[in-house]
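Engineer: Here is what each chain is made of, one letter per residue.
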Amino acid sequence: MKNSLYLPVKTKILKTKKLTELEKYFQLDLSNFKKFDHKPGQFVQVAIPGVGEAPISIASDKNKKNTLDLVVRNVGSLTNLMHKLEDGEYLGLRGPFGNGFPMEEMKNSNLLIVAGGIGLVPLRSVIQFYLNNKKNYRSLTIFYGAKTDKELLFTDEYETWKTKGINLNITIDRESPTWKGNVGLITTLFNKIDFDYLGSKILICGPPVMYKFVLLELIKKAVPAKNIYLSLERQMKCGVGKCAHCAIGSYHVCIDGPVFTYEFLKDKVEAL
Amino acid sequence: MNKNKVKEKNKKIKNINLEYIMSVNVLKNFIEVLSTKYKTYAPVNKEKRVVWAQIKNFNEISRDYIDGIQTTILPPKYFFFPPNEKLLFLNSNNVDYKKNEQIHEPFILFGVHPCDIHGLLLMDKIFLENYVDDFYKEKRDNAIIIGMDTMPNEWNFSKSAGTDIIDSGFDIFLIPLKENKFYIKIATKKGLSLIKNINGLFPLNKNDKKLLTEFYTEKNKRYKRNVDMHDLPKLLDRTYESKIWDEIGKQCVACTRCSIVCPTCYCFNIKEDYYLNLIEGERVRTWDSCLRQNFALVAGGHNFRSSLKARIRHRYYHKERIFSYIYGKSACVGCGRCSRDCKANIKPDEVFNKLRQLEIKS
Ligand SMILES: Cc1cc2nc3c(=O)[nH]c(=O)nc-3n(C[C@H](O)[C@H](O)[C@H](O)COP(=O)(O)OP(=O)(O)OC[C@H]3O[C@@H](n4cnc5c(N)ncnc54)[C@H](O)[C@@H]3O)c2cc1C
Ligand code: SF4
Ligand code: SF4
Ligand code: FES
Chain E
1 MKNSLYLPVK TKILKTKKLT ELEKYFQLDL SNFKKFDHKP GQFVQVAIPG VGEAPISIAS
61 DKNKKNTLDL VVRNVGSLTN LMHKLEDGEY LGLRGPFGNG FPMEEMKNSN LLIVAGGIGL
121 VPLRSVIQFY LNNKKNYRSL TIFYGAKTDK ELLFTDEYET WKTKGINLNI TIDRESPTWK
181 GNVGLITTLF NKIDFDYLGS KILICGPPVM YKFVLLELIK KAVPAKNIYL SLERQMKCGV
241 GKCAHCAIGS YHVCIDGPVF TYEFLKDKVE AL
Chain Z
1 MNKNKVKEKN KKIKNINLEY IMSVNVLKNF IEVLSTKYKT YAPVNKEKRV VWAQIKNFNE
61 ISRDYIDGIQ TTILPPKYFF FPPNEKLLFL NSNNVDYKKN EQIHEPFILF GVHPCDIHGL
121 LLMDKIFLEN YVDDFYKEKR DNAIIIGMDT MPNEWNFSKS AGTDIIDSGF DIFLIPLKEN
181 KFYIKIATKK GLSLIKNING LFPLNKNDKK LLTEFYTEKN KRYKRNVDMH DLPKLLDRTY
241 ESKIWDEIGK QCVACTRCSI VCPTCYCFNI KEDYYLNLIE GERVRTWDSC LRQNFALVAG
301 GHNFRSSLKA RIRHRYYHKE RIFSYIYGKS ACVGCGRCSR DCKANIKPDE VFNKLRQLEI
361 KS
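Residue numbers (my numbering), protein chains in the order written: chain E, 1 to 272; chain Z, 1 to 362.
For reference, chain E alone in the conformation it holds in the complex (with noise of 0.2 angstroms):
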């Protein structure tokens, strides 16, 4: 059988869990891929024959089970069919695919990871790399927003993360009898919490509304637009660089992103 840039690899899906109402978990089985190389903040195409392909974020850092976890949420065709599949099926992987969060030029300084709802999806794998390389970098705070204390993703893990080390801070929308933490926006954590905003490296992801606000906060701290990462969202078809549906600009968000610096971005029509 010859290979194909558009072909995808027949992927063991290991474990699925339901993490909330809308999102699912799965872990897949690497084996079938010879090579599979990924960073932090890569994503990978997933197919289900007869429906299609979707670009979905990698959650995890690389391991030595190769396996790479996914987490779903219910959308569309696509996402509703996965929702559907059990431990032990099949589905189809392109990938890995996208630039990813530059981390080698993040050494020696302090993370902070902006996201918001399922946008930390994609900022697991650089909480599990963090981890990983804890010596590397100076400290990792997480500032996470959803909109209710159902919709949180990763509960079970929040503990470990903290007791490694990571400053974790957890606000919802609106206020909920199950709920102790904060409420509000999730710019509120920035007047909240105490953090050396100037010498760190941020990393947003999260639905296209929150990235003006959050922007606007950073800003009035006077953060180094140089220092600020975000990974868009777009469109895609090819993953590859060769459809242009997610094309901003004279840039492909597959190939030449998902993340970029707000640096670039700020001057880029349409970009956020």
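It is worth saying that the hints were derived from the structure and are not from the lab. For clarity, every value in this text was computed on a predicted model and none was experimentally measured. Ideal placement from N, C-alpha and C gives every residue a C-beta, glycine not left out. Do not take every clue at face value.
Claimed, not checked - Which residues of chain E face chain Z? A partial, calculated answer using Cβ under 8 angstroms:
| hint | residue |
| --- | --- |
| 1 | 4 |
| 2 | 6 |
| 3 | 244 |
| 4 | 245 |
Position chain Z with the ligands against the provided structure of chain E, taking the given hints into account.
Structural biologist: Same frame as chain E, now just chain Z with the ligands:
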């Protein structure tokens, strides 16, 4: 020999540059010989327009095309990136995909315009750089390009775009001259092998050189459309908020014909379909257009370019800027096809002129 010298030597071997003159009868014979050996496609007349079709002899080639009355409906991208292409076969029971292995054999594209060769070279950058698109490459590798200069048609502004002349991207290049003669240039080994058994190629004499100069003088005179395309990306950056975009946004009806006929529009869509046994099926790619309403829609319903104004502006920005920033070239090669076929009579040369004039005024 050091590396650079080796490179230079290879370059010399690759860049053959042989020029001859031949009579139209020799060319006729040449095409007959070629077309028995290779599938040969050339511009031919069809229902008052010109299309690419397989030919067996010279007389089938469109006179309108050679005389610069009109060009082909579609650019040659169509041979390498067809409007509808089966990429993979799928089996949903086995969760399995297989590549649609196509059988390829060398074929000839005869009579490709300089501006269309420029277009192909830009398409190569998209499909062959970074990740290599195997479907495009397999067909491209099999193509023998015989370029041909002609008079410009009424929509063409390739002189302004700097694509009226070409010095690479073809195996053989022809120029129709007066006195029933053709200038022929051989640029590659492939080209050389094609003319091996052709008798009747002569070195250019003084008169031939004069005819060649006359051809270019006439060609330059025939350009009806001239537009200042210098620094176009910068002009576009400065005129992003121009009211011209509101105007053409109101005119455009999103028919997407401009994208279909453009030699450098490459957006595509990918979709999968089941066969009627509901187990197997195929993954197909089809031409798309950034003018379509949902082209930039993402989950959650956010559309990065929901208005037609934003979408047609994006078409121009993408075309002018993406290549100029990445490859130092504008992707509009000035072929004029979109002006010819636009439902709303929008013409890029006029848009560029208006943007510049309005900027000078204000
Ligand atoms: C780099 C990147 C990383 C991503 N990572 C993740 C991730 O980790 N997890 C995750 O869950 N998602 C992720 N996404 C988002 C995911 O790819 C999209 O949600 C994708 O559309 C899901 O495919 P689908 O077939 O299920 O949905 P679709 O059927 O494509 O529908 C998606 C949404 O778009 C709307 N829509 C689609 N097409 C049309 C149309 N023609 N007309 C009107 N509305 C339409 C639908 O109503 C729906 O709201 C990522 C996206 C990118 C670009
Ligand atoms: S934009 Fe129009 S004139 Fe320019 S290359 Fe495309 S079709 Fe030709
Ligand atoms: S051909 Fe004209 S009307 Fe049709 S989409 Fe292009 S610009 Fe709009
Ligand atoms: S997804 Fe096709 S070019 Fe980016």
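Engineer: Compare the structure with each hint and give your call.
Structural biologist: Against the structure, the hints come out as follows:
{"no.": "1", "hint": "4", "result": "holds (4 angstroms)"}
{"no.": "2", "hint": "6", "result": "holds (5 angstroms)"}
{"no.": "3", "hint": "244", "result": "holds (4 angstroms)"}
{"no.": "4", "hint": "245", "result": "holds (6 angstroms)"}
Checked against the numbered hints above, the structure breaks none of them.
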